[in-house]
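Listed below are the residues making up each chain.
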Amino acid sequence: MSWRLWLPLAIFFGFLGLAGYQLTQPKDDAIKSTMVGKGLPYFMLPPASLDRPGVDSRYFHQGEPKLLNIWASWCLPCIAEAPQLEQLKQEGVEIVGVAIRDKPVDVMRFLTDHGNPYTRIGRDDLSEVQLGIGSSGVPETFVVDGKGVITYQHIGDIRPEHVPILLEELRKAGQ
Amino acid sequence: MIAEIGLAALWLAAALAVLQLAGGLLALRGDGANEIAALTRPAAVLQGGLVALAFGALLWVFAITDLSVKLVATSSHTAKPLIFKISGAWGNHEGSMLLWVTVMALAGALIAAIERRLPERTMQATLAAQGFVALGFYAFLLLSSNPFERLPQPAVEGLGLNPLLQDIGLAFHPPTLYIGYVGLSVAFSFAVGALITRQVTPDFARAMRPWILGAWVFLTLGLTAGSYWAYYELGWGGYWFWDPVENAALMPWLAATALLHSASVLAGRDALRVWTIMLGVVAFSMSMLGTFLVRSGVLTSVHAFAVDPERGSFILFLLAIYIGGALLLFALRAGAISEGERFSMASREGALVVNNVMLSAILAVVLLGTLYPLLTEAFDVRVSVGPPYFNPVGAIFAFPMLTVMAVGPLLRWRQDRWGRISKEMGLVAALLLAGVVLFGLLAEASLLALLGLTFAVALAAASFLPLKGRNLRRVPIATWGMVVAHLGVAMMLFGMASESAFSKEKLAALEEGGMTSVGPWSVRLEAVEPVAGPNWTAIAGRMSASYEQGEPVQIAPQSRNFWAPPQQTTESVLITRWDGQLYAVMGGSSTDGRWQVRLWWKPFVTFIWYGGLLVALGGVMALVGRVRVDLRRRLVRRKLAERRNDMETAV
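Going down the list, the protein sequences come from chains A and B.
So the first sequence is numbered by the numbering used here: it starts at 1 and just counts up by one.
So the second sequence is numbered by the numbering used here: it starts at 1 and just counts up by one.
The set of hints was computed from the structure by calculation and includes no laboratory data.
Here the structure is a predicted model, which is why all the values come from computation and not from measurement.
A hint or two may mislead.
Stated by the list, open to error - Cβ-Cβ distance ranges computed for the label pairs, FRET-style: (1) B:579 <-> A:167: 57 to 67 Å; (2) B:526 <-> A:131: 49 to 59 Å; (3) A:14 <-> B:415: 35 to 45 Å; (4) B:415 <-> A:4: 42 to 52 Å; (5) B:542 <-> A:136: 29 to 39 Å; (6) B:384 <-> A:90: 36 to 46 Å; (7) B:310 <-> A:125: 42 to 52 Å; (8) B:532 <-> A:21: 41 to 51 Å; (9) A:160 <-> B:537: 18 to 28 Å; (10) A:106 <-> B:79: 27 to 37 Å; (11) A:137 <-> B:526: 25 to 35 Å; (12) B:532 <-> A:53: 30 to 40 Å.
Using N, Cα and C, we set each Cβ at its ideal position, and we do this for glycine too.
Throw the hints in and build the complete structure from the sequences for me.
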């Protein structure tokens, strides 16, 4: 009888413990952004369309929490999330858009085709603001509270199931 | 009605598995003449028939799209082509589990019907183990994933028209791997049976070997096909990503490869008894572990399976019982298995031991790398382990293994002198040296790629050496199988190393009419056109590609956008020549109206998959050779027995 014969069983128990523990842990898919809890950097963007003003970061220092939506007319998931943005607008959420590397003509065409949920749209031709707030792709959506502090970051398009999550985050940011 | 027949057959089969387990256990307690024990074999055979009936019923409801069956309604659609309706039967969790038990029950039936070499007690123990393993899966199917569940109201239309899954490769890739996994479950049952009765004999290895070979062939095919699918479909130009799901399929293969070789030693030389048993348990453990990792979602993977923690718990539970039980049995019994034949290190057995140790080390490397994120996540650290770990650490063990692979088959069994094969070893060494110098001068490649090319050439030459000086017509088919499989490994290695050393990549932003070149190819983007499909739109880049100013070939890679669900995919185009592939991917437009085009020239990349096919072919040849020898041996035994009978009656 050798202790070595028990070794495989011991290793296997180690694996079982680990796997069992991991199975009981809730799966956490949210991305913890390092920008959450930090203030927006200062920026001022010219308007990206003819009928909406541009975006000044100081605008976020006043009033209610808002959504900051990073998008582009050339981005296909942005088309997919348009109905959800419209729904959020219906719920009374103010959405500020930042169009990344876009042309006013394309922006106008996109908004005509897919609806315009934005109160303001800034034009970020060099992705400066996008990089400044820690966004690496389009679309992305940030919840910004009444003092200009980012409280939540959503990466990727907003699906119908994300709408309640965003509303909840906005409510929390408003407290 | 058909669905109910299927369900009833499944319940009956489960009941027979209980009978098979009970009969086997009673046979072990008594002297084997027990009345219930006599039922073990018929129970296994009948069970195979019933499960096949259940699987047939599932295929039928899918073929006629019976939308009152929940599984059909959720994963099929009336408008699908028939072939995808049928393959859809196992393209989901419930159906794939049914496929699993079907293959398993058929395998069990086959052993029960034809295997007569082993002592009856070992055979009963094996069938009991097989019944026990099957029972777990029946429970899983019947209690938590019933494929025949009816809807209260038939659905109007099915939900499963996902075009991405309508791919002929995807339809047959999972069953191929499954058959491999299940084949290893048979080897596992044999190992457990032999452990229980402590009769680890060459006959045991011979009985187990065809199953290992068969499983190994299917795993090889599954891996080869899966790798090629990822290569052309994902559009990243890579063929292996060390993704957890890929590793889940690779680990059983590594274990099966080791088991195959150690079982050969046991069958031929009656050595490596305990080690072969251990590998038999490990190989099936890796299959179960793979299934667990893929289905439970504990690891994040690029393969988006429908993961479900509850199913994960069930599989983990089964894993705990089977593997924990087998390892416990191993710890208790293995010490009592008497030592096999001894051999010197300079012998075929010695080489195979080194090969086994190296394969096991590679298996450990892959296992550790795959499970490491699971470990760190327990401490809230997220890591992903990729090629920078797997490639070099795996290579540390792979190159010694390849060296042994080149010279090992030349050694004699039991005892040999290195001096006897010094000429052959000199040839291999010279080839290695020449390769390093030649490729080192020719190519600016990484050390690993350089070594890979060199070893590939040396191994290819060495794989023919066992045939030297033999009458080729009298060489057994199994030996030919070894030669072919080893040559296949060399070919695969050459493809991988060449891909890594000589690939050229070009990312160009082209206007319509623009030209670019990659390696020996020049590519012109003629035009960019929109293309509409049934549920997608795409931009297609019409290009003409010419190899060294030769006749241009027209290609049109696409970038597709599906809208339900919204998803972007690339339809890459490959131009295959004997000496490599041009790989073209169409990207999006850049802001200034140019188009992103991604091109690769990958010399000899196709050797990877040709090599894989050769390895599988070698396995088939070995299987055919072994089975033929077995059959002939059985015939001779029967004739001898008849003659003895005749003589006795004459006397």
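* Distance restraint evaluation - residue 137 (chain A), residue 526 (chain B), Cβ atoms, bounds 25 to 35 Å -> holds (31 Å)
* Do the Cβ positions of residue 542 (chain B) and residue 136 (chain A) conform to the proposed distance bound of 29 to 39 Å? -> The hinted range 29 to 39 Å holds for residue 542 (chain B) and residue 136 (chain A), with Cβ atoms some 32 Å apart.
* Asked: residue 14 (chain A) and residue 415 (chain B), beta-carbon distance inside 35 to 45 Å?
  -> Since the Cβ atoms of residue 14 (chain A) and residue 415 (chain B) sit about 40 Å apart, the hinted range of 35 to 45 Å holds.
* Are residue 532 (chain B) and residue 53 (chain A) spaced within 30 to 40 Å by their CB atoms? -> holds (38 Å)
* Asked: Between residue 526 (chain B) and residue 131 (chain A), is the Cβ distance one that fits in 49 to 59 Å?
  -> violated (36 Å)
* **Hint check for residue 79 (chain B) and residue 106 (chain A) - Cβ pair distance inside 27 to 37 Å** => The hint (27 to 37 Å, Cβ to Cβ) holds, given that residue 106 (chain A) and residue 79 (chain B) are roughly 36 Å apart.
* Asked: Could one say that the CB atoms of residue 579 (chain B) and residue 167 (chain A) fall in the range 57 to 67 Å?
  -> holds (59 Å)
* For residue 532 (chain B) and residue 21 (chain A), compare the CB-CB distance with the range 41 to 51 Å and indicate the outcome. => Holds - the Cβ-Cβ distance for residue 532 (chain B) and residue 21 (chain A), about 50 Å, lies within 41 to 51 Å.
* Using the C-beta atoms of residue 310 (chain B) and residue 125 (chain A), is the stated range 42 to 52 Å upheld? -> holds (49 Å)
* To do: Just tell me: holds or violated, for the beta carbon distance of residue 384 (chain B) and residue 90 (chain A) against 36 to 46 Å?
  => Check passed, 40 Å falls within 36 to 46 Å.
* Determine whether the Cβ-Cβ distance between residue 160 (chain A) and residue 537 (chain B) falls within the hinted range of 18 to 28 Å. => holds (23 Å)
* **Status of the given 42 to 52 Å range, CB of residue 4 (chain A) versus CB of residue 415 (chain B)** => violated (27 Å)
The structure does not agree with the numbered hints 2, 4 stated previously, though it agrees with the rest.
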